[in-house]
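Residue numbers (our numbering), protein chains in the order written: chain S, 1435 to 1529; chain W, 2 to 491.
Taking lysine-lysine pairs in the BS3-like style, the calculated list, with each CA pair at most 25 Å apart, reads: (1) W:K283 - W:K259; (2) W:K330 - W:K87; (3) W:K397 - W:K283; (4) W:K96 - S:K1460; (5) W:K90 - W:K330; (6) S:K1463 - S:K1439; (7) W:K422 - S:K1463; (8) S:K1460 - W:K422; (9) W:K19 - W:K62.
Computed, partial: chain S to chain W, Cβ under 10 Å: (10) V1442; (11) A1467; (12) V1468; (13) H1488; (14) I1492; (15) Y1505.
Hints were generated in silico from the structure; no laboratory data involved. No residue lacks a Cβ here, since even glycine has one placed at the ideal position from N, Cα and C.
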Amino acid sequence: MRINKELVEYVAELSRIKLDESTTEKMIKELGAVIEYMGILNRLDTEGVEPMSHVFPITNVMREDIVIPSYDREEILGNAPARTDETLIVPITIE
Amino acid sequence: MYDILNMTALQLGSAIKKGEISSPEVVGMLFDAIEAKDKIINAYITLNREAATARAQEVQKKINSGELTSPLAGVPVAVKDNICTKGLKTSCASKILGDFTPPYNATVIERLEAAGVVIAGKLNMDEFAMGSTNETSYYGPVKNPWNTSRVSGGSSGGAAAAVAAREAVCALGSDTGGSIRQPASYCGVTGFKPTYGTVSRYGLIAYASSLDQIGPVARDVADCAAILNIICGHDSADSTSLDITHPDYLASLGGEVKGMKIGLPRECFEAGLDDDVAERVKAAAEALHSAGAVVDEVSLPFLDYMVPTYYIIACAEASSNLSRFDGVKYGIRGRNYDGLTDLYNTTRSEGFGDEVKKRILLGTFVLSSGYYDAYYRKALQVKAIIKNHFDAIFEKYDLIICPTSPRTAPRLGESLSDPLKMYLSDIFTASANIAGLPGLSVPCGFDREGLPVGMQIIGQRLDEVKVLRAGYAYQQLTSYHKTAPGGELK
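Could you put the whole structure together from the sequences, leaning on the hints where they help?
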């Protein structure tokens, strides 16, 4: 697997991360080395092995719909980088 | 006169209960120690001095009145900065979270507070727990108290260094691929990662949800068991926390190790292992043998696949978990942006450090169309193979013993130039996360340069009692865990 500039830029776009030129260069090099190293998994025959997400069998948990108080709005908005008295402020999402 | 800073959490709890010392006295002395040492060690990001002092007074009254009876009531604990503490800044050692102050407590914090434990402050770590040397922190590296030109290990580097430097009595860390055990090993303290699902992850800022687990870092195994007693148990806010009855871990420590069957994986002692580390860990196994345990060589043929499997799964989950940091709801927002998507891009580019960016890119890559089967699906298949192999070993053996890390603490700066080498320092610890097993690191001696070596004890899922008992028995035979870093810090 060859990691080139196009691939790094594509993955960065999917990740919503902007890379400057020197970081892009660094990522090509370092991601290339890591991904090449990960290739050693191909030495292992996994034909027919069921992929395992969790070591314990985990199923969805249902509960009764109980009405409990939510967080205070002021407490939640207190951490927002931009806000009005009642809401978060974001750029226009729909033209 | 008590040597308060060298006492264990249980000793302090007992002395406080007997009225020989008070919780406010302990808290006061601890903060004086932090003030004296932390300019050099850099183990803390945020100190909670004022609130902790008030809290210690309040707790002391409740201890005196008999309302609080936990063995750790009145004892201060320090907390890794990826565990949410209500009203106390929680940064994940990242720029992107800014001055984020959680409006709620993680479940583990609620449980500690209910037991009368006092939260002393928030500990430095690798950014978002991504790193094995504590050098990726936005707040600067943590230095190893045994030799300040060395790293503390990571990602719970602040926890291990603070406990070793007597800047913390005990601490909570988190472990995704070795992040409690490896720094505990580098700093000569005891660290325990419980079975996946033993401790609620509610309020732990997620790195890799299927691998993350909160656990104690302390002076000895008994303190780890006492902390585990408080923080374990089912939590309706974390559906992966196991709904089981937990034993009293502290009360179970004294049992026999005689007749316990211990496997020593031969692959762990082959190429790449430091000679001193090999020698100390073999000597430690021999000590358990002399206490009556049966020690045999076993085979762990999948050792070379642990690190790639771990990094594929961890980064895949991280790429999803970290999508929530977008500059909208909390944390910082990028400075100049044009529209919503650019707000995300700019915030994340300015807010994340390079290691975090790299792991998000890696995770996005292994999940992306065309590569998913070759990397992510493959890793989940290897995970199944690894788990089955451990299950087969544990049909015959009670425990596995190996080094916690292939070497002692590297020099500051050394690992950043060779990231792959840093990743390989997780080779012996990541397996316990992949298979969900409990893993303990206990100090077992020093290398030729006087740096601590750690022995790792791994057990079958939910066999914490055996793991802790073997570690406790070892600490009854040795005094490495009681040795404090000597000399002046420079």
